[in-house]
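**Student:** Residues per chain are reported as follows:
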Amino acid sequence: MAGKSKILIVDDEPDVLLTLRMILESEGFDASLAADGETALRRIDEDHPDLVVLDIMMPVLDGWFVLAELAGRTRRPAVIVCSAKSSEADVGRARDLGAADYVTKPWDADDLLRRIRESLGRREHVGI
Amino acid sequence: MAEAAEPATDAKPRRLSFSFRAGASPAAQIAADTADADIPPVEADARPPASSAGRLLGEQSSIAPAPPARVLAPPPVLALPPVSDSSTPARPAGPALSPLAAALGAGARTDAPLPERSPAPVVAGSALMARAATVLPAAPGPEMTPVPHATAPEDPFVEAPAPVEAETPDTRSRRQRNTRSRSRFRSRAHTKAKVKAKATAASGTQTAASGAAARTGAADAGGAGIEDRIRKEARSAGLGGAALPSTEAVARRRIQLWGIAIVVLSMIAVALVITGLSKTSGDDWVSAKTLRLAVIGLALGFTIYALEKEVHLRRLSRLLIDERVINTALTNRLNMHSALTAAGKAVNSVLDLDEVLEVILSSALEMLEGSEGSVMLLEADGALAVVAVQGTQLVKGQRLREDSSLAGLVARTREPAMVGAGHGAVARGDDGSHVAMCVPLVNRGELLGVLDVEARLDRAFDEYDLHVLSLFAEPAAAAIANARLYGAERAHVAELLDLDRMKSQFVATVSHELRTPLTSIRGAIAAARRPVADEQRAELFDVIERQTGRLATMVEEMFAAAQLERHGSAPLLRRIELASLVRLVALDSQVAGRPVKVEAPETCEVRADPEAMRRIVTNLVENAHKYGAAPIRLIVEPDGDRVMLSVVDHGPGVPLAERERIFERFYRAEHTRDNRPGIGLGLPIVRGLAEACGGSVWVEDAPGGGAAFRVSLRTRHAEDQETPWPASPRS
Chain F
109 MAGKSKILIV
119 DDEPDVLLTL
129 RMILESEGFD
139 ASLAADGETA
149 LRRIDEDHPD
159 LVVLDIMMPV
169 LDGWFVLAEL
179 AGRTRRPAVI
189 VCSAKSSEAD
199 VGRARDLGAA
209 DYVTKPWDAD
219 DLLRRIRESL
229 GRREHVGI
Chain V
53 MAEAAEPATD
63 AKPRRLSFSF
73 RAGASPAAQI
83 AADTADADIP
93 PVEADARPPA
103 SSAGRLLGEQ
113 SSIAPAPPAR
123 VLAPPPVLAL
133 PPVSDSSTPA
143 RPAGPALSPL
153 AAALGAGART
163 DAPLPERSPA
173 PVVAGSALMA
183 RAATVLPAAP
193 GPEMTPVPHA
203 TAPEDPFVEA
213 PAPVEAETPD
223 TRSRRQRNTR
233 SRSRFRSRAH
243 TKAKVKAKAT
253 AASGTQTAAS
263 GAAARTGAAD
273 AGGAGIEDRI
283 RKEARSAGLG
293 GAALPSTEAV
303 ARRRIQLWGI
313 AIVVLSMIAV
323 ALVITGLSKT
333 SGDDWVSAKT
343 LRLAVIGLAL
353 GFTIYALEKE
363 VHLRRLSRLL
373 IDERVINTAL
383 TNRLNMHSAL
393 TAAGKAVNSV
403 LDLDEVLEVI
413 LSSALEMLEG
423 SEGSVMLLEA
433 DGALAVVAVQ
443 GTQLVKGQRL
453 REDSSLAGLV
463 ARTREPAMVG
473 AGHGAVARGD
483 DGSHVAMCVP
493 LVNRGELLGV
503 LDVEARLDRA
513 FDEYDLHVLS
523 LFAEPAAAAI
533 ANARLYGAER
543 AHVAELLDLD
553 RMKSQFVATV
563 SHELRTPLTS
573 IRGAIAAARR
583 PVADEQRAEL
593 FDVIERQTGR
603 LATMVEEMFA
613 AAQLERHGSA
623 PLLRRIELAS
633 LVRLVALDSQ
643 VAGRPVKVEA
653 PETCEVRADP
663 EAMRRIVTNL
673 VENAHKYGAA
683 PIRLIVEPDG
693 DRVMLSVVDH
703 GPGVPLAERE
713 RIFERFYRAE
723 HTRDNRPGIG
733 LGLPIVRGLA
743 EACGGSVWVE
753 DAPGGGAAFR
763 VSLRTRHAED
773 QETPWPASPR
783 S
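Here the protein sequences come in this chain order: F and V. Heads up: the first sequence is residues 109 to 236, going by this note's numbering. Heads up: the second sequence is residues 53 to 783, going by this note's numbering.
These are calculated hints, taken from the structure and not from any lab test. Mixed in with the good hints there might be a few duds.
[Said to hold, decoys possible] Once the Cα atoms are required to be at most 20 Å apart in a straight line, the calculated SDA-like pairs of lysine to any residue come out as: (1) 678(V) <-> 170(F); (2) 555(V) <-> 613(V); (3) 341(V) <-> 357(V); (4) 678(V) <-> 143(F); (5) 678(V) <-> 122(F); (6) 649(V) <-> 704(V); (7) 678(V) <-> 710(V); (8) 678(V) <-> 167(F); (9) 555(V) <-> 195(F); (10) 555(V) <-> 614(V); (11) 555(V) <-> 194(F); (12) 448(V) <-> 129(F); (13) 678(V) <-> 195(F); (14) 112(F) <-> 710(V); (15) 649(V) <-> 705(V); (16) 678(V) <-> 179(F); (17) 341(V) <-> 194(F); (18) 678(V) <-> 165(F); (19) 678(V) <-> 112(F); (20) 284(V) <-> 298(V).
The whole structure should be built from the sequences, with the hints applied where relevant.
**Tutor:** Put into structure tokens, the structure is as follows:
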């Protein structure tokens, strides 16, 4: 892995943003934040993160919109959907829209970190 | 009718006796009629409308119809008129149809003048009507037990028929109408049999077959069946053979008989003249006197023979007419039942109330050839509401209150009624160009409504039609009651399903709402275990504290909602400085990063429970932040003896259809369901608490867009209540 991987955390819950940023920074990642879908898309365009941890239920533009928007791009970050929604239909929909993984809230920090590393590893492997 | 009651000859009066039991069929009643022996009085226990046979006899022979219930009546005496010289045996069944039609139209009243006609056809036909009772076990009307009758009289002169009635214009038109009416039923029944289920036709066939069997059985049992009597008379009249003779054969036989008689008597007369003119000598082997006596004797003998044959021929032709009349009556009855059965099936084949009402109306109109009509249902306030209509000036949904209408009269009396030509004004207040019939729709003793069938003047309704409509009203009313029951059950099930759906949604929402703070708490703990700076650790503890507080609030909300639901609320009402309370809540919100602008006077007191009031304001502010958009304003406006508290946002507002529903427990507005947090309890709690404080809550469009939640509160209250809130569960 060349340098720090850039990870964008997208969630409308400030405390989730806060805690997840601390965890990721303590693990050596470069974390940035967005509280809604619109901000997220802007930051993706500006910062080009390697991975996005994306919540689904958000104001303004929700996670589905962000996923659909990214699905149409050739160069896009890996996305791990991280939502309180846990139905199979939602998991399937996320997969169809190109999400790399799906984690249900409340997540376990170690499990989430493992999935993040796996996704980043796959991404590096295919040479994106 | 008195003219028929007195025997005009030395004819032996026929005595009729019959015994009704509740539920006797009119046809069975007539069976008793064939008896002419003196039978002691029997107890008559019949409902008047059911005593159609009594009416039949009454019309026919002036016996008082419709014996009242439970009367010990002497057997009515039927006196028969003398033989009519003008009798025409081959006369078709026309005249006899009228009384039979009356018999079938049980319960109807006939006020038309009675024609003079012989009772004989009907009397003889009674035996067949008794079979009709067997053929039609389901025939409406009281059950009846015929009294076993004695042997029929053999005096042909007493029973001699007078089939040709002196037909007045009135009786003629009546007869024609009845005949038309019957043929209507026949054609209708046939059409229905084609259109409706095959079962109807099948049952008709079955009924006819069983009718034939019953006929044979009755003949065997009685030993004096009409066919046996016809065969016997045919043999006596010289028309023996395997098949029953036709009325035409009888007529031919009569011409033949009298032709021979005239020839023979003419020859005898010639012989007498010849013997009178010829000179006789003493050596003649027989004297002229003896010869004349012999010729006269021969003439007398032949005359007696011819008269005897004539008597038998007359009786035969009368019996044949009876047979034809009774067959017609049976056919009519079967057709009526087919039509009623088909209509009954049709109205019971659907369950939706509106559909049932339409089918009832169309079936009734089709069956009775009505041109227009309506179904009216009785409402709680006693008015009749038009619920199905075809052709009339009435409008669906119209309410009729006037008791002067025919429908009003029927609803009041619960008796069928009709108005003829010229009385349409009574029925509908129109120009009287219609005839109308109205029957009550009664189910299990409860009046449900009224069925109205109308026609133009060229279709004159009679009592028979009214009777048929009354019979149809019974299954129709039952179908309406069933449809209502079904509708109520369906609504109940829909309500339960809706509740079930909302509960499922609530469980999903609550689990989701629990996940969010749990995520933050778990994340904070995981982060705190890592090497982080002290100030960061303190921040993480703040996260944990906030999120556990959020969980606690959620649990509290659910508990409060359950409390409100189960016990209502008895808050402790006291003077509250609402303006200060609003500013405090706004400050809290500000601290939490959700700014609120307050527009309130310096002081503004209301009567409310402080804790309830704080929750009301907090919930509304949170609601505005969750579902609305900044800027959010908290407005307090004194308004007379009330104070209006408003929380106004600049979000999308609340759609009109959801403005009440959002105050229902667990309900979450369609557009916020998937992407906004919340468990659907905040607003129901606000409404419950506000109402407990004597206030009210609603939502409307804010001027300039967004939603404005308004809470109207009282500034004064009759007395402060000391009961604490929330109320402790009552034992």
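**Student:** Evaluate each hint against the coordinates.
**Tutor:** Tested hints:
The straight-line distance between the Cα atoms of residue 678(V) and residue 170(F) is roughly 14 Å, inside the 20 Å bound, and the hint therefore holds. For the suggested pair residue 555(V) and residue 613(V), the alpha carbons sit about 14 Å apart, so the restraint of at most 20 Å is met. About 24 Å separates the Cα atoms of residue 341(V) and residue 357(V), which puts this hinted pair outside 20 Å; it is violated. Taken as a hint, the residue 678(V) and residue 143(F) pair is honoured in the structure, with Cα atoms around 14 Å apart against an allowance of 20 Å.
Distance hint between residue 678(V) and residue 122(F) is fulfilled; the C-alpha atoms sit about 14 Å from each other, no more than 20 Å. Between residue 649(V) and residue 704(V), the direct Cα distance comes to roughly 19 Å. Compliance with the 20 Å bound is thereby established for this hinted pair. Between the alpha carbons of residue 678(V) and residue 710(V) the distance comes to roughly 17 Å, so the proposed pair stays at or under 20 Å and holds. With a CA separation close to 9 Å, the supplied pair residue 678(V) and residue 167(F) stays within the 20 Å bound.
For the suggested pair residue 555(V) and residue 195(F), the alpha carbons sit about 17 Å apart, so the restraint of at most 20 Å is met. Distance check on the hinted pair: residue 555(V) and residue 614(V) sit about 13 Å apart at the alpha-carbon level, within 20 Å; holds. Restraint check for residue 555(V) and residue 194(F): the C-alpha separation of about 18 Å stays at or below 20 Å, so the hint holds. Taking the CA atoms of residue 448(V) and residue 129(F), the gap is about 68 Å. The hint is violated against a cut of 20 Å.
Distance check on the hinted pair: residue 678(V) and residue 195(F) sit about 24 Å apart at the alpha-carbon level, beyond 20 Å; violated. Pair hint residue 112(F) plus residue 710(V) does not hold up; C-alpha atoms about 50 Å apart against a cutoff of 20 Å. As the CA atoms of residue 649(V) and residue 705(V) are separated by approximately 18 Å, the hinted pair is consistent with the 20 Å bound. For a cut-off of 20 Å, the pair hint linking residue 678(V) to residue 179(F) is broken: about 29 Å separates their Cα positions.
For the proposed pair residue 341(V) and residue 194(F), the alpha carbon gap of about 135 Å is over 20 Å, so the pair is violated. With a CA separation close to 12 Å, the supplied pair residue 678(V) and residue 165(F) stays within the 20 Å bound. This hinted pair does not check out: residue 678(V) and residue 112(F) have alpha carbons roughly 36 Å apart, beyond 20 Å. For a cut-off of 20 Å, the pair hint linking residue 284(V) to residue 298(V) stands: about 14 Å separates their Cα positions.
Violation of the numbered hints given earlier is confined to hints 3, 12, 13, 14, 16, 17 and 19; the remaining hints are satisfied by the structure.
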